[in-house]
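Visitor: In case you want the letters, here they are:
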Amino acid sequence: MSFEYAPAPESTAIVNIKSSNGLFINGEFTAGHGTPFKTINPATEEVLAEIAQANQEDVDAAVRAARRAYDKTWSKMSGRDRGKYLFRISRLIQERSREFAVLETMDNGKPIRESRDVDVPIAAAHFFYHAGWADKLEFAGFGNNPKSLGVAAQIIPWNFPLLMLAWKIAPALATGNTVVLKPAETTPLTALLFAEICQQADLPPGVVNILTGDGDTGRMLVEHPDVNKIAFTGSTAVGQAIQRQIAGSNKRLTLELGGKAANIVFEDAPIDQAVEGIVNGIYFNQGHVCCAGSRLLLQESIAEQTIESLKRRLQTLRLGDPLDKNTDIGAINSREQLNRIIDLTKSGDEEGAQRWSPDCVIPEKGFWFAPTVFTNVTQAHRIAREEIFGPVLSVLTFRTPDEAIEKANNTPYGLSAGIWTEKGSRILSMANKVRAGVVWANTFNRFDPASPFGGYKESGFGREGGIQGLGAYLTSEESS
Amino acid sequence: MSSLDNRPAESHKGLLAFLAGLPGVDQVGAEARAAALGTRSIKKESKIWAIDLAISMVDLTTLEGADTPGKVKAMSAKALHPDPTDPGTPSVAAVCVYGDLVYAAREVVGDRIHVAAVATAFPSGRASLSVKLADTKDAVAAGADEIDMVIDRGAFLSGNYGKVFDEIVAVKQACGPAHLKVILETGELKTLDNVRKASWLAIKAGADFIKTSTGKVTPAATLPVTLVMLEAVRDYYQETNIRIGVKAAGGIKTSKDAIKYLVLINETVGDAWLTPDLFRFGASTLLNDLLLQRQKMITGHYSGPDYVTID
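The listed protein sequences derive, respectively, from chains A and B.
Counting in this note's numbering, the first sequence runs from 192 upward without gaps.
Counting in this note's numbering, the second sequence runs from 3 upward without gaps.
Hints are computed from structural coordinates only; laboratory data are not their basis.
Ideal placement from N, C-alpha and C gives every residue a C-beta, glycine not left out.
Some hints here could point you the wrong way.
[Claimed, not checked] What follows is a set of in silico ranges between Cβ atoms, one per label pair, in the way DEER data are often shown: (1) A:I208 - B:A38: 28 to 34 Å; (2) A:R637 - B:Y239: 50 to 56 Å; (3) A:K624 - B:G16: 58 to 64 Å; (4) B:G90 - A:A204: 33 to 39 Å; (5) B:K15 - A:R289: 54 to 60 Å.
[As the list claims (entries may be wrong)] So these bits of chain B aren't anywhere near chain A, every CB distance computed over 12 Å: (6) L18; (7) R42; (8) K75; (9) G112; (10) S126; (11) L131; (12) K139; (13) G253.
[Said to hold, decoys possible] One-sided excerpt, in silico: chain B residues whose CB lies under 10 Å from chain A: (14) S43; (15) A52; (16) D69; (17) K258; (18) D259; (19) L264; (20) I267.
Let's have the full structure, built from the sequences with the hints guiding it.
Guide: Below you can see the structure in the form of structure tokens.
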């Protein structure tokens, strides 16, 4: 007897996608002046909507609106009143959570289980958390009278569209800044729904502006002279370009870039939970996670047994329709990303690593990549060094804690790490030695608004979330 | 007593070393995994299938001081034909009663389903080994073909694993041909590390089934506890090719809950365990909810508590 799960698709009736979408400037939806582009559902390749492309004129209008809102309203409003708006936004996200979840899954390709249980609730939690800070900023450790910066230009990636929006907008608004945000080209829909939430919450016009568009729009936004602060999450290459662009200006910058995290499993780890953590570390969100545990470092004494357990566990992963409530692995977000994953995994084959994937049926339409494990990987392999940003795990081994540290840190990145051991003293000593902004112990890929997130080295700088994250939007100097 | 008395017998040294060497269980992680599996959405034909399977896995139970032959006979009749309005409804796996009422159950069910008896000074297990063995033999003699014994939790919690082990071995012997289910009473063991240890201990001592609870202690069966027990059973199978059964008993009251357990089995040990030979629900009220859901799936509308029998 085998237990087949009947399809359990979440209904899409709840979402109302406009065939053509404008920009959100000064509290209103307006037509863009660039050539519109289309956003598709990566699981079906169907066009979901036409999206406005913001050009220089639009960028100017949005920054102007944000500046006006900053000068006239938002920077003068009491923290208590700003907090009320943030609470309201948080509640509205919760009230419309199903709509957000379905829309996110359609536009991004991630399983509804994740958008429903992770992305949307944590996004709401970020607004809730920062609402609480809005009237308490003088106690946050940035001086007696910390000041907002002005207009924040925020550019976010496609892997967690709504959640990254929340990470950016919530602290900016709580600290009294106004925002021009550009969602990723392939995933603009939840940002546009969020714009509706801003209207619903009666947020003063211009406090939040949303510009859809491609990399050019992003560049114009970064270069705009009236922007005081830039917050970017995305690839290391673009992050470096931004830093060059703003050199010599006094724009403040935080970058949250790529990663190649080590997930380190010691022989005294709780093995069954470690296997779950490995799966959650690299196959969560199809591996489209900058802090993904893409390098598994296994102590040699348990390597064989753990790989066997991992493979058995991967056989139960369900790949397919992202809207099905039982799907674990959804679609790759774009053809471009899929090609990159295919390229890098090919290099793994060529360089002598051993590839394994569970049996799974790949749908005919859409962009898909089976969960993959590479064993016999060494530090010299490209798949051990470059960020794949896909459901691909590279397995390496170590003999001693020192060797684990050496290998974990031997990367240009430094965003996150995982440590699996039942020995508390080892957790503390390893956490001190790993060069990573976030270290998880006996868990992986857990996020909380109260916990700062950010990296070292080529993974960027600055922190988002927690008290530390507020610092990115505050200054103790008089504003210029 | 001299300290020498607390030293493990030579024969238990291997066992103790083995138990000490088991990997730990991270409670937070185990609970998260169980909760994640609990969100699987089982609908339509898979739900009908799962409900019938769950019915066939029920050990329909009454373990009250007020039990009488009449009560046991009525329940046994229901066990054979859970839903008089639909003869297609599967029988449950077994009835589970105190040893002195085994005869009453047997009279009704004959050889058509199993009769399980709780034994070994159930539920506390606080009696001498000779009393426990007599209790077991009595029940088997009265016609029980399954024995649900309790482990000595006092001995387990004081670290006297050898004593727990020896008792299970002795009871297993007293069972003769009857299948032995070993109740760990996980609500008293408290930690998942203990649950893993006790699971292995019982398996190594000869249990055919390992069972979560007596139903007399809260919490009784939970998903995380059952997950850890299933993992033990899975790992034992990997080593030996022998399949040990698992019984989740107490606190499972709704079809929705029961289906979560079936998902847990399916994705932890695989569908080979999706049979009454290897998984059981110890329950009384669960059966009626399964029947109501079954009627709903077939007719398309809910009936009510008056459309299932109370026995």
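Visitor: Going back to the hint list, which numbers does this structure go against?
Guide: Result: hints 2, 3, 7, 16, 17 and 18 break, sorted rising.
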